[in-house]
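Novice: Spelled out from the first residue to the last, the chains are:
There are 2 protein chains.
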Amino acid sequence: MPNDPVTVAADGTVHLPARSVPPPRGISDTARRYLATPFPIADWPPVSEVAAYRKQIAEVDAGFAAARAQALASLPVEVAVQRMNGVPVYTGVPRRLAAGRRDQAVVFLHGGGMIVFGGELVRGTAAESALQFECRSYAVDYRMPPDHPYPAPVDDCVAAYRAIIERHEPRNVIVAGSSAGGNLAAALALRLRDAGLPAPAALVLLTPEVDLTESGDTFQTMAGLDNVLKHSLMQVNLLYAGGHDLKDPYLSPLFADFTRGFPPSLIQTGTRDLFLSNAVRLHRALRRAGIETELHVWEGMPHGGFGGNAPEDTEVTAEIRQFVAKHWGRTGMSEGSRS
Amino acid sequence: MPNDPVTVAADGTVHLPARSVPPPRGISDTARRYLATPFPIADWPPVSEVAAYRKQIAEVDAGFAAARAQALASLPVEVAVQRMNGVPVYTGVPRRLAAGRRDQAVVFLHGGGMIVFGGELVRGTAAESALQFECRSYAVDYRMPPDHPYPAPVDDCVAAYRAIIERHEPRNVIVAGSSAGGNLAAALALRLRDAGLPAPAALVLLTPEVDLTESGDTFQTMAGLDNVLKHSLMQVNLLYAGGHDLKDPYLSPLFADFTRGFPPSLIQTGTRDLFLSNAVRLHRALRRAGIETELHVWEGMPHGGFGGNAPEDTEVTAEIRQFVAKHWGRTGMSEGSRS
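From first to last, the protein sequence lines are chains A and B.
Plus 27 on top of the position in the first sequence (first one is 1) and you've got our numbering.
Plus 27 on top of the position in the second sequence (first one is 1) and you've got our numbering.
Because the hints were derived from the structure by calculation, they are not lab data.
One or more of the hints may lead you astray.
Treat identical chains as interchangeable: a pair holds within one or across any two.
Pairs of lysine to aspartate or glutamate, DMTMM-like flavour, derived with a Cα cap of 20 Å [as the list claims (entries may be wrong)]: (1) Lys353 - Glu161; (2) Lys274 - Glu321; (3) Lys274 - Glu346; (4) Lys353 - Glu319; (5) Lys82 - Glu193.
Because the structure is a prediction, the values reported are computed rather than measured.
Using the sequences provided together with the hints, build the complete structure.
Specialist: See the structure below:
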């Protein structure tokens with residue numbers, strides 16, 4: 028057996044030697060190829076460099092726009108854009124919408140660290156989420172920093188949701204989000220609860236960024252191993268917070284009091300996800316509070332899945348569909364059963 | 028942001044520089060102290076050195092015996108030993124056994140890599156599992172290598188189980204195991220299924236060693252970060268297999284065809300568990316086959332929990348109790364609903 032020169036300090040700090048980590052063996056070839064592909068987003072500048080942010084945000088969005096538009100053209104879904112309570116919302120409707128799914132809807136909140144993947148790119152979010160959830164999708168183009176830090180993004184989600192539940196009964200609405208969108212989905216549920224507004228039937232939280240303080244262990248252990256999120260996003264988080272306390276549950280929903288109620292939630296992550304700790308800690312917090320929740324973790328999966336074309340990505344979609352099929356039509360908000 | 032000199036080879040191999048990983052922030056003080064404590068088991072010798080194994084096994088067991096006996100003396104539980112179908116089984120009965128729990132039983136299969144923690148140490152296993160599951164416990168002192176490699180350990184579990192279901196209806200029996208015992212619990216369930224014998228109501232698989240080929244990603248990514256299992260146990264696995272194929276589902280239950288049926292299963296692990304991949308891959312395999320299963324992952328937790336005295340360990344017990352309360356009295360074996 029290897030004689031690793033690993034040492035552990037008195038406080039528990041582990042000193043690891045340099046090492047080579049081979050790709051996971053127990054994943055699909057497509058997934059393995061994805062892990063070998065560098066993700067095309069460079070490090071973000073310090074929070075004070077607003078001009079540099081504007082430039083890089085524009086570059087990142089432009090870099091994704093062409094491929095996104097091409098993918099969108101071939102999808103069997105109709106997308107339109109409208110203002111709902113003043114917020115731009117892209118609606119996606121599958122061309123073949125099942126008869127039993129005409130009343131159902133998903134409100135999908137896109138990821139992108141609260142700074143990228145907005146505007147026209149949300150057209151693709153609407154299309155993909157409509158097909159993934161097999162129902163009408165409302166993809167909210169919420170405002171973002173640097174011009175619109177917290178609470179503007181959450182405010183927009185609340186405003187759009189209020190318009191959506193005028194068209195759909197809340198028990199027919201699922202709120203979902205990926206990464207930063209998972210943060211907003213959870214924050215939206217807390218805002219609705221605290222305002223006494225009707226909850227959605229359930230939440231789908233995909234590799235959710237629920238702790239902007241980044242106190243989770245996998246921010247350390249998975250740094251460099253997640254090929255998408257290579258390390259801390261703290262500067263971006265500070266840009267989003269705009270001076271607000273990162274520990275506020277509306278900014279970091281992980282720290283909310285869930286015994287006061289929260290919708291049933293599916294939580295998805297992977298063993299190479301920088302946000303693995305975010306996901307498992309939220310799952311545990313919901314379990315402690317007696318909230319119905321499912322945790323699903325995929326082998327070797329980094330932040331955000333394996334790019335969409337791997338069998339593992341298809342399996343994520345299958346879990347989502349099974350979960351929402353169970354929850355549509357049920358009243359969402361449940362009181363915590365334990366304190 | 029740090030500019031890590033992480034590089035990724037064309038095949039996806041990640042080259043990580045030396046680094047220091049601080050203890051997790053989001054865990055209890057007791058848990059953090061446990062992570063700073065070296066686990067007192069040295070590396071195991073190569074599989075061919077049988078005499079060295081005998082010596083080290085005796086030393087490890089002796090090292091745990093005194094503390095174990097002391098802990099046992101204070102526990103409110105009666106322990107006895109008997110032979111059941113020729114197999115030594117330690118029975119633990121809580122002094123305060125709830126009236127509604129007189130017919131229920133847990134069959135608990137101890138861990139220890141298939142080589143240690145047998146004999147008199149199983150007395151402690153019986154006591155602790157009786158209290159954890161709040162019912163009569165049958166802790167099987169199965170034979171082990173080097174003298175009794177596979178299939179002797181599994182054979183003993185089958186033999187003991189057959190005797191136990193003469194005293195308890197199978198729907199009142201939970202089979203549980205930790206680490207190597209989780210392997211045996213899953214292997215036992217497969218053996219029962221394939222022999223047409225009655226299944227237990229459910230399985231509780233604590234950080235289970237379900238893949239003796241060690242093909243999981245966290246055998247690489249968590250090496251050195253799990254303070255209990257620091258790296259591969261392959262030499263021990265080969266000693267156990269005694270020349271049998273490590274990929275055989277009776278040796279590595281992860282590779283079984285679960286569409287043919289498997290009991291509902293709770294699976295527990297942690298984000299610093301060398302066996303995290305074992306756990307999440309088994310959960311996914313069961314989900315794919317349509318088997319009822321729950322995955323619970325604790326932040327920063329290494330293999331086997333935080334030593335038993337941390338609030339997180341209490342939470343593991345709470346999840347176990349909630350799970351078994353739901354499953355006792357139900358017929359265990361379910362056909363896979365999907366193939």
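Novice: If the cutoff is 20 Å on CA atoms, where do Lys274 and Glu321 land: within, between, both or neither? Let me know, please.
Specialist: neither (24 Å within a copy, 30 Å between copies)
Novice: 20 Å Cα cut-off: does Lys353 pair with Glu161 within a copy, between copies, both or neither?
Specialist: within (14 Å within a copy, 32 Å between copies)
Novice: When no copy is specified for Lys274 and Glu346, does a C-alpha distance of 20 Å or less occur within a copy, between copies, both, or neither?
Specialist: neither (31 Å within a copy, 28 Å between copies)
Novice: Evaluate Lys353 and Glu319 at a C-alpha cut-off of 20 Å and name the case that applies: within, between, both or neither.
Specialist: both (12 Å within a copy, 15 Å between copies)
Novice: Using 20 Å as the alpha carbon limit, work out where Lys82 and Glu193 are close: within a copy, between copies, both or neither.
Specialist: neither (38 Å within a copy, 74 Å between copies)
Against the hints set out earlier in the document, violations occur for numbers 2, 3, 5.
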